[in-house]
Amino acid sequence: MTTPVLDVKQLAVQIPVTDGILHAVRDVTLTVARGETLCVVGESGCGKSLTSLAVMGLLPGSARRTAAHMRFAGEDLLTVTPRRLRELRGNRMAMIFQEPMTSLNPAWTIGDQLTEPFLRHGKGNRREATDRAVFLLERVGIAAAGRRLGQYPHELSGGLRQRVMIAMALMCGPDLILADEPTTALDVTIQAEILHLLAELQREFGMGLLLVTHDLGIVARVAHRVAVMYAGEVVESGPTVTVFDEPRHPYTRGLIDCIPIPARSRPGVPLGTIPGLVPSLVGGIEGCAFRDRCAFATEPCARPVPVVTGAEGHAWRCILPSAVPSLLENPA
Amino acid sequence: MSDQQPILELRNVVKRYSVGRGMFAAKRPLMAVGGVSLSVPRGQVLGLVGESGCGKSTLAKMVLGLETPTEGEVLIDGRPIAQLGRLERARLVQPVFQDPYSSLNPRKTIASIVGLPLAVHGEGTGPERATRVEEMLAMVGLAPRHAAAYPSQLSGGQRQRVAIARALILKPQLLICDEPTSALDVSVQAQILNLLMDLQSRLGLTSLFISHNLAVVQMLATRVAVMYLGRVVEEGPTAEVMVRAQHPYSRGLLASVLTPDPRLGLPDTRLGSVFPDPLSPPPGCAFHPRCPLVFDRCKTEAPQLRHHQGASRAACHAAERDAAMAPA
Chain A
1 MTTPVLDVKQ
11 LAVQIPVTDG
21 ILHAVRDVTL
31 TVARGETLCV
41 VGESGCGKSL
51 TSLAVMGLLP
61 GSARRTAAHM
71 RFAGEDLLTV
81 TPRRLRELRG
91 NRMAMIFQEP
101 MTSLNPAWTI
111 GDQLTEPFLR
121 HGKGNRREAT
131 DRAVFLLERV
141 GIAAAGRRLG
151 QYPHELSGGL
161 RQRVMIAMAL
171 MCGPDLILAD
181 EPTTALDVTI
191 QAEILHLLAE
201 LQREFGMGLL
211 LVTHDLGIVA
221 RVAHRVAVMY
231 AGEVVESGPT
241 VTVFDEPRHP
251 YTRGLIDCIP
261 IPARSRPGVP
271 LGTIPGLVPS
281 LVGGIEGCAF
291 RDRCAFATEP
301 CARPVPVVTG
311 AEGHAWRCIL
321 PSAVPSLLEN
331 PA
Chain B
1 MSDQQPILEL
11 RNVVKRYSVG
21 RGMFAAKRPL
31 MAVGGVSLSV
41 PRGQVLGLVG
51 ESGCGKSTLA
61 KMVLGLETPT
71 EGEVLIDGRP
81 IAQLGRLERA
91 RLVQPVFQDP
101 YSSLNPRKTI
111 ASIVGLPLAV
121 HGEGTGPERA
131 TRVEEMLAMV
141 GLAPRHAAAY
151 PSQLSGGQRQ
161 RVAIARALIL
171 KPQLLICDEP
181 TSALDVSVQA
191 QILNLLMDLQ
201 SRLGLTSLFI
211 SHNLAVVQML
221 ATRVAVMYLG
231 RVVEEGPTAE
241 VMVRAQHPYS
251 RGLLASVLTP
261 DPRLGLPDTR
271 LGSVFPDPLS
281 PPPGCAFHPR
291 CPLVFDRCKT
301 EAPQLRHHQG
311 ASRAACHAAE
321 RDAAMAPA
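Residue numbers (UniProt numbering), protein chains in the order written: chain A, 1 to 332; chain B, 1 to 328.
Bound conformation, chain B alone:
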């Protein structure tokens, strides 16, 4: 039974913040995550995509136990994360963050940064830990001489390798990568994506991979979820979302990826530029003010995440209408 149990399961997770607007104004609720249900089976990678402010990082923080959901439940390996202690949680889930400059302690050597989780969890003797650190550094493509170096002596790509080594040294059940390549040069991004892909196949990692770029996500993800203003608007197998995205927002995200083709010119994403104010989300479908396919129903009724055609689900009235009109 436990084989079929997802490593990560989100059950209708909601996160509301209360936002003050000056000293005397009443606080207003801000719905950062508005009811997200997702699951990631063992050995799979779920790509989570969306623009800044869509709630993807808040979701990651809840999975890491850094934020508590207002409603709903986060389960890791079948156990509610709220019931886990700090150490226990750290054994199950580890993060790799965006900025390899601020996520490593500048005063510690690489060996002590990577070995710290082992020390905290009291794993092995000193020499055993040193061996495991050495193996881990080799696994992420760092040379033995890097062990004695400080973060400031490494390049951005090397630092991100250190962050990955630190995250993996406890052999966690789940790895959370939050924009792991967004701060890097495109050429270094390719190296880190290749490394994650290699580790994925060697270690059978289960992970949640967050990015604003769909082309980056597809390298690793078995499934993709697209978020907009706190909700999942499309979810499905990566290949299907990449080739036959059903939600106009997913299509806009895809169109905005700049591929190295000098004859295409700049894409028209048809998204406009006005990202809605999360304090006063639009009525109906939150995406309707930017949607090229908008019709009356979208302005009043929020669409539900449903199957329309194929294996993906989409929260879109236009997708539903088109599927109904298409020949069976």
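So that you can see chain A by itself, here it is in the shape it has in the complex:
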């Protein structure tokens, strides 16, 4: 296999808070190959967004980031100069944020925002920048692209703004895109369209895509591989089909079972839920972080849980001897 475009080993992010150190990301190892989609999935506060921000070097100033290595196309992002990082960011690695309302500058036209990274990274002159902006706006399905360049973000709908964000990320032809909940603020119909678009563009341009989401429904449909995060750790990872067919971590099973499914979920038949709350990550956590919410927890779960590896790169942090069955009355 060729060098992955992103190769992160033992990433940790610590944030000092009033009552101690918040261990927001603990020991995250992941890789993304060219043309591959890795979905990082988990609930709010599991560290999935911080993981992508850590890769981009966009953590808040107080946060401390450590890792064994964090290579982007062979270059270690931990040791690059700030100047080199600025050269890479927005250029060879780009980010799509959740809220297209707040991540576009309301005082700039769409055209100015699209051409800015292209010009800044010296990819060509203004004319070439405009041509590429029009090309990409059309490519992401925006009609009358030339006219849109002069418009401001408030003149566009949420779906269109998210398309503009995607076009902006593609301006410099990146090797890696990090998308943080790119469709969470959108309608289900627009969500399907945007995900289609991302998958198509990825095939066309051969980019690596790291997609952060809380919805395993999205993961099932777009990911080649999945990493399930809980309390700052990757608790299960592997090829998508394997993880959905034979989830080895009860948390993964819980996330699968809580999704309502048309014509199967019915009134009077409750969805699966994950009882309880995410533990505090201030201070250290001993043993399995999920054990207080786990229906299968036993006494050994209080001790450190090693990572177990199975076939095809499937790996999990759980001592259960086999795949976790669905607890629903009428599972998929």
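Hints are not guaranteed to be accurate.
Restraint-style ranges between C-beta atoms, simulated for each label pair [stated by the list, open to error]:
#1 Y150(B) x E116(A): 23 to 33 angstroms
#2 K108(B) x E200(A): 47 to 57 angstroms
#3 R86(A) x R16(B): 50 to 60 angstroms
#4 S280(A) x K108(B): 51 to 61 angstroms
#5 P279(A) x Q4(B): 46 to 56 angstroms
#6 Q151(A) x K27(B): 42 to 52 angstroms
#7 E155(A) x P127(B): 53 to 63 angstroms
#8 V14(B) x H224(A): 46 to 56 angstroms
#9 V14(B) x N125(A): 45 to 55 angstroms
#10 V17(A) x P106(B): 13 to 23 angstroms
#11 P279(A) x R16(B): 28 to 38 angstroms
#12 P29(B) x S280(A): 46 to 56 angstroms
#13 K27(B) x G146(A): 25 to 35 angstroms
#14 A68(A) x P289(B): 38 to 48 angstroms
Cβ-to-Cβ under 8 angstroms is the rule here; a few derived chain A residues that face chain B [said to hold, decoys possible]:
#15 E43
#16 G146
#17 L149
#18 T189
#19 H214
#20 L216
#21 A220
#22 C258
#23 P260
#24 G268
#25 G272
#26 G276
The following residues of chain B were derived to be distant from chain A, with all beta-carbon distances above 12 angstroms [to be verified]:
#27 T131
#28 P283
#29 D296
Since the hints were derived computationally from the structure, they do not count as laboratory data.
The beta carbon of each residue, even a glycine, is placed where N, CA and C say it ideally should be.
Given chain A, work out where chain B should sit, using these hints.
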């Protein structure tokens, strides 16, 4: 007689706004809701589904009395909402909104947020109110210690439980849930849906449940109405709409729900992506520019909401044609 009277009845409700386009341009009418008639009998849940901009939230606001219909009537328990005072209205109908972060006062404790409706309506003495708040918090699955907490100390799911408790404490006749789970994680959404389902069966609530996701609506709704550009395009019993949707738009909405099946890939909703401009709605059927089944008649004549087959009604020329061709 009063048992058969629907709790909520909408009679040909229209809401038009006048939209300015700059200082000198003439204002143009925007039809947010274009003649909707629906009713919800006691103890039932009507699911209202559609994309952003389809008018479902405007409809909810009219039912809550926050907006006045341009035409038509909203009746709650047989009484026109226009004739009710503010307090009286609040006793009959209560909302749960989408965003549990902005719908709770950050400076009040949970107990005072949930107890405020009782105080406003002068119900009971202080200690009696405190007891009712305590019972209500327990009913929505919050611990007694949460009573003294502030909204910022709670998670999104817990805040939505507070919003539900506040809405239910006056025992309203009608509960309006406007995208109550859209801002939540999928796992928390499941908890809130289960809670609403449980409250539904325990209290026999009557409610209007609004969402853009049909799979969410089906958990609670006895009937479903699908809205598109201000009109109801399909209405019927939930199971029937979920399994045999007649309108191509309903089918598109269903197809766009991403179920956790890794072998299916991304669905082709066949809807295209161009949502029409509500300021210049397409002629004929408003859905025809996105419709995979479009034929000539759709471009000129607006279809009416009718029975074609089964118990649902649909506003679709193709459904009418197919029903006519099907053997009786």
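Next on the checklist: Can you tell me whether the CB distance of P279(A) to Q4(B) sits inside 46 to 56 angstroms?
Outcome noted: holds, 52 angstroms
Item to check | Pairwise beta carbon distance, Q151(A) to K27(B), judged against the given window 42 to 52 angstroms | outcome: violated, 21 angstroms
Item to check | Range hint 28 to 38 angstroms (beta carbons of P279(A) and R16(B)) holds or violated | outcome: Because 52 angstroms falls outside the window, the suggested range is violated.
Checklist entry - When you look at the beta carbon of P283(B), is every beta carbon of chain A farther off than 12 angstroms? => result holds, 19 angstroms
Checklist entry - Regarding the hint that G276(A) lies at the interface with chain B, is the smallest CB-CB distance below 8 angstroms? => result This hint is violated: G276(A) lies away from chain B, its Cβ roughly 10 angstroms from the closest one there, beyond 8 angstroms.
Item to check | chain B contact restraint on G268(A) - CB to CB distance below 8 angstroms | outcome: holds, 7 angstroms
Item to check | Cβ distance range 47 to 57 angstroms for K108(B) and E200(A), holds or violated | outcome: holds, 49 angstroms
Next on the checklist: Using the nearest Cβ pair, does P260(A) come within less than 8 angstroms of chain B?
Outcome noted: holds, 4 angstroms
Checklist entry - For the hint on E43(A), does the least C-beta distance to chain B fall short of 8 angstroms? => result This interface hint holds because 5 angstroms falls under the 8 angstroms limit.
Checklist entry - How does the Cβ-Cβ distance of S280(A) and K108(B) compare with 51 to 61 angstroms: does it lie in that range? => result For K108(B) against S280(A), whose Cβ atoms are near 25 angstroms apart, the range 51 to 61 angstroms is violated.
Item to check | V17(A) versus P106(B) beta-carbon gap, inside 13 to 23 angstroms or not | outcome: The hinted range 13 to 23 angstroms holds for V17(A) and P106(B), with Cβ atoms some 20 angstroms apart.
Next on the checklist: Holds or violated: the hint that C258(A) contacts chain B, with Cβ atoms closer than 8 angstroms.
Outcome noted: holds, 4 angstroms
Hint compliance for this structure: hints 1, 4, 6, 11, 14, 16, 17, 26 are broken, all remaining hints hold.
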